[in-house]
Each structure stands twice: as C-alpha cells, then as structure tokens.
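K.L.:
Protein chains in written order, with my numbering: chain A, 940 to 1095; chain B, 6 to 268.
These are calculated hints, taken from the structure and not from any lab test. Check each hint, because a few of them may be wrong.
[Stated by the list, open to error] With a cut-off of at most 25 Å between alpha-carbon atoms, the simulated DSS-like pairs for lysine-lysine come out as follows:
{"id": "1", "chain 1": "B", "residue 1": "Lys168", "chain 2": "A", "residue 2": "Lys1027"}
{"id": "2", "chain 1": "B", "residue 1": "Lys61", "chain 2": "A", "residue 2": "Lys1032"}
{"id": "3", "chain 1": "A", "residue 1": "Lys1047", "chain 2": "A", "residue 2": "Lys1073"}
{"id": "4", "chain 1": "A", "residue 1": "Lys1027", "chain 2": "B", "residue 2": "Lys227"}
{"id": "5", "chain 1": "A", "residue 1": "Lys1034", "chain 2": "B", "residue 2": "Lys252"}
{"id": "6", "chain 1": "B", "residue 1": "Lys252", "chain 2": "B", "residue 2": "Lys266"}
{"id": "7", "chain 1": "A", "residue 1": "Lys1025", "chain 2": "B", "residue 2": "Lys254"}
{"id": "8", "chain 1": "A", "residue 1": "Lys1043", "chain 2": "B", "residue 2": "Lys47"}
{"id": "9", "chain 1": "B", "residue 1": "Lys61", "chain 2": "A", "residue 2": "Lys1034"}
{"id": "10", "chain 1": "B", "residue 1": "Lys93", "chain 2": "A", "residue 2": "Lys1027"}
{"id": "11", "chain 1": "B", "residue 1": "Lys58", "chain 2": "A", "residue 2": "Lys1025"}
{"id": "12", "chain 1": "B", "residue 1": "Lys93", "chain 2": "B", "residue 2": "Lys47"}
{"id": "13", "chain 1": "B", "residue 1": "Lys93", "chain 2": "B", "residue 2": "Lys252"}
{"id": "14", "chain 1": "B", "residue 1": "Lys47", "chain 2": "B", "residue 2": "Lys254"}
{"id": "15", "chain 1": "A", "residue 1": "Lys1043", "chain 2": "B", "residue 2": "Lys61"}
{"id": "16", "chain 1": "B", "residue 1": "Lys61", "chain 2": "A", "residue 2": "Lys1025"}
{"id": "17", "chain 1": "A", "residue 1": "Lys1043", "chain 2": "B", "residue 2": "Lys266"}
{"id": "18", "chain 1": "B", "residue 1": "Lys57", "chain 2": "A", "residue 2": "Lys1025"}
{"id": "19", "chain 1": "B", "residue 1": "Lys93", "chain 2": "A", "residue 2": "Lys1032"}
{"id": "20", "chain 1": "A", "residue 1": "Lys989", "chain 2": "B", "residue 2": "Lys254"}
{"id": "21", "chain 1": "B", "residue 1": "Lys266", "chain 2": "A", "residue 2": "Lys1027"}
{"id": "22", "chain 1": "B", "residue 1": "Lys57", "chain 2": "A", "residue 2": "Lys1032"}
{"id": "23", "chain 1": "B", "residue 1": "Lys266", "chain 2": "A", "residue 2": "Lys1025"}
{"id": "24", "chain 1": "A", "residue 1": "Lys1051", "chain 2": "A", "residue 2": "Lys1073"}
{"id": "25", "chain 1": "B", "residue 1": "Lys93", "chain 2": "B", "residue 2": "Lys266"}
{"id": "26", "chain 1": "A", "residue 1": "Lys1051", "chain 2": "B", "residue 2": "Lys227"}
{"id": "27", "chain 1": "A", "residue 1": "Lys1034", "chain 2": "B", "residue 2": "Lys46"}
{"id": "28", "chain 1": "B", "residue 1": "Lys93", "chain 2": "A", "residue 2": "Lys989"}
{"id": "29", "chain 1": "B", "residue 1": "Lys72", "chain 2": "A", "residue 2": "Lys1034"}
{"id": "30", "chain 1": "B", "residue 1": "Lys252", "chain 2": "A", "residue 2": "Lys989"}
{"id": "31", "chain 1": "A", "residue 1": "Lys1034", "chain 2": "B", "residue 2": "Lys60"}
{"id": "32", "chain 1": "A", "residue 1": "Lys989", "chain 2": "B", "residue 2": "Lys266"}
{"id": "33", "chain 1": "B", "residue 1": "Lys254", "chain 2": "A", "residue 2": "Lys1047"}
{"id": "34", "chain 1": "A", "residue 1": "Lys1025", "chain 2": "B", "residue 2": "Lys252"}
{"id": "35", "chain 1": "A", "residue 1": "Lys1032", "chain 2": "B", "residue 2": "Lys252"}
{"id": "36", "chain 1": "A", "residue 1": "Lys1032", "chain 2": "B", "residue 2": "Lys168"}
{"id": "37", "chain 1": "A", "residue 1": "Lys1034", "chain 2": "B", "residue 2": "Lys254"}
{"id": "38", "chain 1": "B", "residue 1": "Lys227", "chain 2": "A", "residue 2": "Lys989"}
{"id": "39", "chain 1": "B", "residue 1": "Lys93", "chain 2": "A", "residue 2": "Lys1051"}
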Amino acid sequence: MSTFVYMTRCDGCGHCVDICPSDIMHIDETIRRAVNIEPNFCWECYACVKACPQNAIDVRGYADFAPMGHSVRVLREEEKGTISWKIKFRNGKVKDFVSPITTKPWGKYIPKLAELEIPSKEALDSQLLYAEPKGLNIDTELPEMKKERFKQGVYY
Amino acid sequence: MITINPFSQLSEFIPSIAMQIFVVVMIVLVVAGTVIDMIHKKNVKYFFENAKKAKKQATRTVSAGKKVSIVIKTVASDVLTTSELGGKRRLAHLLGMYGTIIFWITSAIMIFNYSTPESVTPSILPLLWHLGAIMICLGGYWFWIFLRVDVLAEGNPWYRVIKADLFVLSLVVTATFGLVWSYLQAAGISGWDTLFLVLFILSNLVLFGGVYWSKFAHMFYKPGAAIQKHLAEADGSNENLPAPTDKPKQFGLGINREAPKHY
Chain A
940 MSTFVYMTRC DGCGHCVDIC PSDIMHIDET IRRAVNIEPN FCWECYACVK ACPQNAIDVR
1000 GYADFAPMGH SVRVLREEEK GTISWKIKFR NGKVKDFVSP ITTKPWGKYI PKLAELEIPS
1060 KEALDSQLLY AEPKGLNIDT ELPEMKKERF KQGVYY
Chain B
6 MITINPFSQL SEFIPSIAMQ IFVVVMIVLV VAGTVIDMIH KKNVKYFFEN AKKAKKQATR
66 TVSAGKKVSI VIKTVASDVL TTSELGGKRR LAHLLGMYGT IIFWITSAIM IFNYSTPESV
126 TPSILPLLWH LGAIMICLGG YWFWIFLRVD VLAEGNPWYR VIKADLFVLS LVVTATFGLV
186 WSYLQAAGIS GWDTLFLVLF ILSNLVLFGG VYWSKFAHMF YKPGAAIQKH LAEADGSNEN
246 LPAPTDKPKQ FGLGINREAP KHY
C-alpha cells in the first residue's frame, strides 16, 4: 500500500513533508502540492495521513488483499486529543474506532535534527546509523559475528 | 506619487485606446489559458465525476436552502477570508489576494475612465492602486522568502525558483515594477521610467499569458473545491472520513500542531 494525495484538497502546507519518516512526501515542483515521490518506499505508517490538516492524503491498498471499493480513512482532532478511524468494507459494512492521540511532542523523544551538527563525511560513509553505537546501548563498535561462530554450512 | 494616476501621465506617450486594448487582451489571455488548462488537465471533469460519486455515498439529503447557506458560508469563510490556511500563511495570502483585487480593479477603472492627459482622476483611485501594489509586495515577498512550503518545510533556499513559482513571482514582480515605474514617472526621471514601464508590461504579459503553465487558475478552482468539500460534509458522504468525535477536549494525551519546519 502507499499514500497518494487528493490534489483538490491539498493546500501545500508541508506537514506531510515534515513528518514522513521515509522522506518520500515532497512538494511537487509544478503545482506546489504534496506528492509521494516514491510509493515503493512507503512504510504505510499513516503518519502523513494523520498529520494532514486537510485530510487530503489517502492510502491505496493493493488489489489482492484490499479489493476495490474499500476505504480506510482517519480524522485527527488535536483539540480533543482523538484520532478516529473509519473502515469501510467492500460489501458496505462500516466500522468506526476512536483512540486517544499518543503522539509525543517534537523534541521530546524525536530528535530535532535541524539543531544537530551536520554529520561529517566519515560519519556518512561509516556503517553506523544515526545515534549508533550509543543508541544500541553499547560503547564499542558494531558487534561482529566471527566466521568461526557461523553455523556449519553458512559461508560468505 | 501615490496620488498621481500613472496611466493619465502615460497617455501623453501611449494612446488611451492602446492601454484599453492591452487590458482586454490580458482578460482574453486569462480566459483562454484557463480553458486550455481545464481541457488539458481534465480537472473539472474529475471534479464533477468525483462529486457524482460522493453523491451516491450520501447518507442525508441536503435541501436547496441548506445548499445555498453552505455556499454562502463557504464564500464568506473559505473564499473571502481563506480560512483553509492558518496563521501567517493566511495573513500573507489575504494581503496578496486583496492587494491583487484592489490593484486590478483600480487599474481597469483608471485605464478605461481616466487615461487621457486631460482627465481628472479622483485621488482615491491612484491611492488605492499604490496601496494594492504595496499589499501584493508585502504578502508576496513574505510568502516568497519565508512562508513558501519549499523554504519552510523542504528547507530549500528562498532563491531557488521552480515552475510553481511562476504565478506568485510574476505577480510580485508586476506590482514591484508598477510601483517603481510610477515613482520614476512621477519624479520625471526619464529613460529609467521607460525601462520600468517595459518591465511592467512584460511582467503583466508573463502573469496573464502564463495561466496555462502557472497556478493562476487556482483562484477559480479553489472556491469550487471548497464548496464541494462542505457539501460532502453536509450530505454525510464526507469522502469516507470518520465523523467528528463527541469526546471532551483532551480525551487523550493530545498534541498541539507545530509549524512544519523540522527538516
């Protein structure tokens, strides 16, 4: 599944661009509206769907398990602290769910990347990912699997 | 400067009829550009097909009176005060929008009624013309440099120009050149005033002639989309969106929306 944008609803505010963890929601250079630039890399996390103040983003299900005619839509009401889901099945059956918003504020658990130092070339070229190795709760380099510890029959 | 009708002064060099023909040509360009845009993008066709589809999913019947009241409310809220946008974007849009309307209307009135060397222009008209141009510049440059989503959310530099900038850029440049030309003409700085008049004409040609390529036509599409959105809310189809909850404020942890600039 991947997200797509209803162009008549989008007002190009940039909230989806800001929140997309896969960095695939961007602003179209011709019409200045949001667009999923790489649907293959969509995590289906629904972050952009929930963040969109205009409810302009929807998710397109693959036809094999989400047949035509279904719908999964979401409404996020910040002032109430609620997030509502409406699941519409192909046969017309509808299910509604309401949950509290549990998103954490920016900067509390999500790092403010704009305030951090730009990584050096060495850091970018290294195998370590962001916040590693500290984020793995280790002070050493990445753990390495010694060849002699491989199961018999596994060789690289 | 701001109480002088620049078109009246200009009529000493350019006949009034030429200016009037220019305005008519600009209107024709806008109409033609919008029609070609609609044919090419098929957006109007999509819009009506989508509206038909939404009607099938309606759970309530909306009376004609209710529809009229929704249209009036949408015009008052979404169109006249651009309530869809929030905060600074809304303010910048309102400045630009009303500046543009004032600028265009006063331009047309002065060109069609007071564009001869003998004509006596009521001072309110040139005053409003200059005010409109200043409002466009304030709203336009504010949007262009600080509020544009490419700058705010994408983190691109303000001077990066893309195709989507054609409308806003040609509009602010037109207003800027118009103001500079009016000042130079009123101050009698010959040569430079001709240069900025030419730039003013060229930027108008880009603005009105570029409708097919620019976002100019959004001013016609957006109100239609807003009306359809509110009609869909009223008839219960609401594009399959869940209904608003009846929970009290801060049912859960909640979170206040922040400006999208965490790149």
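K.L.:
Work down the list of hints and note, for each, if the structure agrees.
P.N.:
Tested hints:
{"no.": "1", "hint": "Lys168/B with Lys1027/A", "result": "39 Å, violated"}
{"no.": "2", "hint": "Lys61/B with Lys1032/A", "result": "16 Å, holds"}
{"no.": "3", "hint": "Lys1047/A with Lys1073/A", "result": "18 Å, holds"}
{"no.": "4", "hint": "Lys1027/A with Lys227/B", "result": "28 Å, violated"}
{"no.": "5", "hint": "Lys1034/A with Lys252/B", "result": "18 Å, holds"}
{"no.": "6", "hint": "Lys252/B with Lys266/B", "result": "30 Å, violated"}
{"no.": "7", "hint": "Lys1025/A with Lys254/B", "result": "21 Å, holds"}
{"no.": "8", "hint": "Lys1043/A with Lys47/B", "result": "42 Å, violated"}
{"no.": "9", "hint": "Lys61/B with Lys1034/A", "result": "19 Å, holds"}
{"no.": "10", "hint": "Lys93/B with Lys1027/A", "result": "37 Å, violated"}
{"no.": "11", "hint": "Lys58/B with Lys1025/A", "result": "18 Å, holds"}
{"no.": "12", "hint": "Lys93/B with Lys47/B", "result": "32 Å, violated"}
{"no.": "13", "hint": "Lys93/B with Lys252/B", "result": "30 Å, violated"}
{"no.": "14", "hint": "Lys47/B with Lys254/B", "result": "42 Å, violated"}
{"no.": "15", "hint": "Lys1043/A with Lys61/B", "result": "39 Å, violated"}
{"no.": "16", "hint": "Lys61/B with Lys1025/A", "result": "18 Å, holds"}
{"no.": "17", "hint": "Lys1043/A with Lys266/B", "result": "17 Å, holds"}
{"no.": "18", "hint": "Lys57/B with Lys1025/A", "result": "21 Å, holds"}
{"no.": "19", "hint": "Lys93/B with Lys1032/A", "result": "42 Å, violated"}
{"no.": "20", "hint": "Lys989/A with Lys254/B", "result": "18 Å, holds"}
{"no.": "21", "hint": "Lys266/B with Lys1027/A", "result": "34 Å, violated"}
{"no.": "22", "hint": "Lys57/B with Lys1032/A", "result": "21 Å, holds"}
{"no.": "23", "hint": "Lys266/B with Lys1025/A", "result": "30 Å, violated"}
{"no.": "24", "hint": "Lys1051/A with Lys1073/A", "result": "17 Å, holds"}
{"no.": "25", "hint": "Lys93/B with Lys266/B", "result": "14 Å, holds"}
{"no.": "26", "hint": "Lys1051/A with Lys227/B", "result": "35 Å, violated"}
{"no.": "27", "hint": "Lys1034/A with Lys46/B", "result": "36 Å, violated"}
{"no.": "28", "hint": "Lys93/B with Lys989/A", "result": "22 Å, holds"}
{"no.": "29", "hint": "Lys72/B with Lys1034/A", "result": "29 Å, violated"}
{"no.": "30", "hint": "Lys252/B with Lys989/A", "result": "18 Å, holds"}
{"no.": "31", "hint": "Lys1034/A with Lys60/B", "result": "21 Å, holds"}
{"no.": "32", "hint": "Lys989/A with Lys266/B", "result": "17 Å, holds"}
{"no.": "33", "hint": "Lys254/B with Lys1047/A", "result": "22 Å, holds"}
{"no.": "34", "hint": "Lys1025/A with Lys252/B", "result": "16 Å, holds"}
{"no.": "35", "hint": "Lys1032/A with Lys252/B", "result": "24 Å, holds"}
{"no.": "36", "hint": "Lys1032/A with Lys168/B", "result": "44 Å, violated"}
{"no.": "37", "hint": "Lys1034/A with Lys254/B", "result": "23 Å, holds"}
{"no.": "38", "hint": "Lys227/B with Lys989/A", "result": "23 Å, holds"}
{"no.": "39", "hint": "Lys93/B with Lys1051/A", "result": "23 Å, holds"}
Violation of the numbered hints given earlier is confined to hints 1, 4, 6, 8, 10, 12, 13, 14, 15, 19, 21, 23, 26, 27, 29, 36; the remaining hints are satisfied by the structure.
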